[in-house]
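Chemist: Residues per chain, in single letters:
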Amino acid sequence: MTFVERLRRDPWLLVAAFLGVALFLLVLVPQLWIVRSSLLAQDGQSVTLGNFLRYLTAVRYRTALLNSVLLAVVTTVLSMAVAVPLAFVHARYRLPGRDLVLTLATLATASPPFLGAYAWVMLLGFNGILSPGLRAIGLPWHSIVGFHGIVWVGVWGAVGLVFLFAHDAFTSLDPDLEEAAESAGASRLRAHFDVALPLATPGLLTAAYLVLTGVLADFGTPRIIGGPVSVLPVLLYHEFLSEGGVNPGMASAGSLLSIGLATAVLLLQRLVLAGRSYVMSGTRRVAPRALPRWAVVVATVATALFFSMVFVPHLVIAFSSFLSWRADIPGGPFTLDNYRALALRSSAPVLVSYALSAISTLIAVVVGTLLAYVAVRRSYRVLSPALQALTMIPYLIPGTVLAIGLIVVFNREPIRLTGTWVILALAYFIRKVPYATKSAEASLYQVHESLEEAALSVGATPAQALRDVTSRLMLPGLVSGATLTFLMTLTELSSTLMLYGAATTTMSIVIYQAAMGMGGQFGLAASTAVAMMVSVYLPLYLVRKRFPSVGVAA
Amino acid sequence: MSRGPVEVRVEGIRKSFGREPALEDVSLDFTAGGFNTLLGPSGCGKTTLLRSIAGFVTPEAGRVFIGGEDVTHRPPWTRRIGFVFQSYALWPHMSVFDNVAYGLRLRRVEGTELQRRVRAMLETVGLTALHERGPGALSGGQQQRVALARALVLEPDVLLLDEPLANLDARLRVEMRQEIRRLQKELQITTIFVTHDQEEALELSDRVAVMSRGRLEQVGSPEDVYARPASPDVAALLGGARFLEGVVSEEGDLIVDGARLPLGLSRDLAGRRVRVAVSPRRLVVVAD
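Residue numbers (our numbering), protein chains in the order written: chain A, 2 to 555; chain B, 257 to 544.
If you're looking for bench data, these hints aren't it; they were derived computationally from the structure.
Since the structure is predicted, the reported quantities are computational estimates derived from the model, not experimental observations.
Backbone N, C-alpha and C fix where the C-beta goes; we use that ideal spot for every residue, glycine too.
Treat each hint with caution, since some may be false.
Examples of chain A residues lying across from chain B (beta carbon under 8 Å, computed) [said to hold, decoys possible]:
| hint | residue |
| --- | --- |
| 1 | Arg9 |
| 2 | Ile138 |
| 3 | Arg341 |
| 4 | Ala344 |
| 5 | Ile394 |
| 6 | Ser472 |
| 7 | Arg473 |
| 8 | Leu474 |
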C-alpha cells in the first residue's frame, strides 16, 4: 500500500504527524535551546558544566535549590497532616453538610496561590491589619514574610486538593475489607491503620505528588511572601530578567535542574505506586457510620476552621475591595469606588485575561481532543509514543522555565513574538495542553468506537464522523475540561510575569504588582482580585453542579 | 441507486493482531443476493473477515472485491456497505429519524425526498410510530430495527451483520431472525452474517462458511455442512456433536471398545479406524 493510499484510508496519520511537528517546535525546541545555553560558559563560546556545578558550590544558588526542596517537602507533609485525617472522618462517618464540604474543597483547588500570599501579607505582614493587635496582646509577632509564610500559604493552598483526593481514596474502599479486619479481631482504629490507610495510599501519593510539584514550580507565593528567602523559580526569574547581571547560562542550568527535580519526583511517585495498585473486587462503596454527638461537634468545628483558613484570603480581599485606599493604607468608609474604577477606567486587564484565556483554552481543547483521539483510537509505531511524550513534557516544565524557553526561541527574527499577546497565548496553551488532553481522553473512552464506525459505514468521512458523532458525544466532558483549563489560565502568573507587555497586562499582573507594593493601585487590585475570584468560582461551581465528578485537578 | 445483487469476494486475506494471526489466507465467494453466514467460535476470525470487507480492518495481504471491483485499499466510507453492529451503535444524540437520515443527508438528499425515503424504510422495518424518539427509549429489538433501517436506507451493495442478535433475549432473537431473513429476501441484497450460533446459521443461510482458528474449514449449503462436516471442528460446532472412535466392521458396524454399534456405515470403510460424530439429530462419519 502506498503512503498516499494509507493517508486516504487514515487521514488521522496526517493529523498526528502535524501535531507531532507542531509540539516538537513549540515544546521541545525551546527546551533544547535551554539545554544549549546551560552548557555555554559566560563567554558564550566554550562548553562547560560549570553552570550546573555552581548550583552546588555557590551559596546563592545552593541556598535557592535547598530552600525549594525543603519548602516542597515541609508544605506537602503539613498539608497531608491537616487534610488527610479530616478527609478520612468525612469519608467514613456521617457528618452534616457533606455536599457543601465537597463543593468548598473543589473551589479551594482553583484558588490561585498568589492571591493567598497577597491576602496573608495584608493580614499578618509587618504592617498587616492584625499584626499591631498581636503585638498589643504581647505576642512577639514580627511578620508573616519569610520561609514560614511560604509554608503557611502553601499549606492552605494545597489542603483542598489533598482533601478531595483523600476523600475519594477513602470512600472507594470496599467496606468488606475493613469489616474483615474487624472480624479478625482488630479494633476499629487498628483496622483503619492496617487496612484503610495502606489501601488508600495510591490516591494519597498522587495528592502528595501534585502538592510537591506544585510547590516546586510556584513562583507567586515565594515571591510575594518569601521576602529574602530565595527559591528556584524566583532565582530563575532574577537571573533571567533582572536589570543588572543577567545570566542566561545560570538561568538555563537552573531551569533544567527544576525540570530534573519535577521528573525525579514523578519517577519516584511512579516507582512507589507501581507495587501498590490494588484492584478493588467489590463494587460496594463505604456507607458512612454514625459518630457520637461530641465527636460530630468536634469534627464539624474542625471542618469549619479548616475551610475558614482556606478562604480567609478571599474574604480579606473581598472586604478590602470595599475600602478606600491611600497608598497602601486602607481606610474607611465603605465605598464602591474601586469597582467604579475597575469598570470605567481599568477594565483592560480583565478583558485581556479573558481574551487570552479564551483563545488559549480553545486551542488547547481542540489540539487536546485531536491528541486524545490519536492516543485512544490509533496506535502508530513511532508517532503515538512520540506524541504521548510531547504532550506530557509541559507537565514537568515550571511556568518560569517555559517562559524562558519561549523568550529564547521567539525573541529573534524571523519570529519575534516577545511582548505580543501571541507569546502569552502560546505559553498558556502549552502549559494546559496536557490537562486538556487528559480530560478529552477520559471523555473519549466513554464513546464506543462502533458509534464512529457506524458513521463511516453510512458514508461519513473521518472528519465528518468526528464532527457529527464523536465530538458531539464527547461534548459534556469537553465542556467541563475546557472550563477547568480556562480557569487555570485565568489565574496564571509565573509565565505571564515574564512574557507580558504594557498592552497585555492581565488581572494576575495587576494583583501581583499591588502585592509587591508596586504601582500603588491597592483598591483597584482588590476589586480586580474579586473579579478574578468571581470569574473562577462561579463557572467552577456551575460545572460541578452539572458534572459532579469534575474538580479534582487532572 | 441499487444496481441489483452484487457479488462479494475475498482472496488470500491475511491479518494478524500483534503476533496472533487472526486470518490466515482466507479466500471465499459470497453469492450475489444470497444470505451468506460466517459461522465459528469466538476468536476464529469471522468478525475480522467481516470488518475487512467493510474496510474497518486493512488486511496485510489479499484482496477484497465488491461487485467485481477491487476495494482493498478503498476506505469504508466509499464502499457502499451497510453495517449492523452487535451493540447496534445507534447515535444516542440523534432521534430514530435522524439516525436513519444521517447517511442520506451526507449524500445531499433533503426535504420531501429525505422524509419519504426515511419513512418508507422505517415502515419496512416496522417502526413507523417511533421516529421522534431517542434510541435510549427503545427496546433492544426496536434498536436492532433502527440499526437495520440505517444500514438499508442507503441501498448498499452489501449488508454486513456482526452478531446482530447476540444482545437480544431468546424470544426476540427468534423473532428478529425471521425479520432479518424477510428483509433480505424482500430487498434481494447480498448479505454477510456473522454468528457463533449454529441454529441461526442453519436456519437463515443460503450458504454457510465455517471458520476456525483463522482458517476457512468448510463452505456449503446449511444441509451440506450439517450433513457432511469436513472436519471435527465443523462437526463440533454444528450441534454440539460428541465423538465415538472405533473400527468399522465388514458389515458397516462400528466397533467401540468391543461393543458393536449397527450404524450402517459405508462398507468402503471396513477395517479402518474412524471417528463418528454423534449429534442430537444424526450420526456422521467425520474423519478417519
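Chemist: If a hint holds in the structure, say so; if it doesn't, say that too.
Modeler: Against the structure, the hints come out as follows:
1. Arg9: Holds, about 6 Å.
2. Ile138: Not OK, violated: isoleucine 138 of chain A not within 8 Å of chain B, min 64 Å.
3. Arg341: With Cβ-Cβ at 46 Å, over 8 Å, it is violated.
4. Ala344: violated (41 Å)
5. Ile394: violated (28 Å)
6. Ser472: This interface hint is violated because 11 Å lies over the 8 Å limit.
7. Arg473: holds (5 Å)
8. Leu474: With a minimum Cβ separation of about 6 Å from chain B (threshold 8 Å), the hint on leucine 474 of chain A holds.
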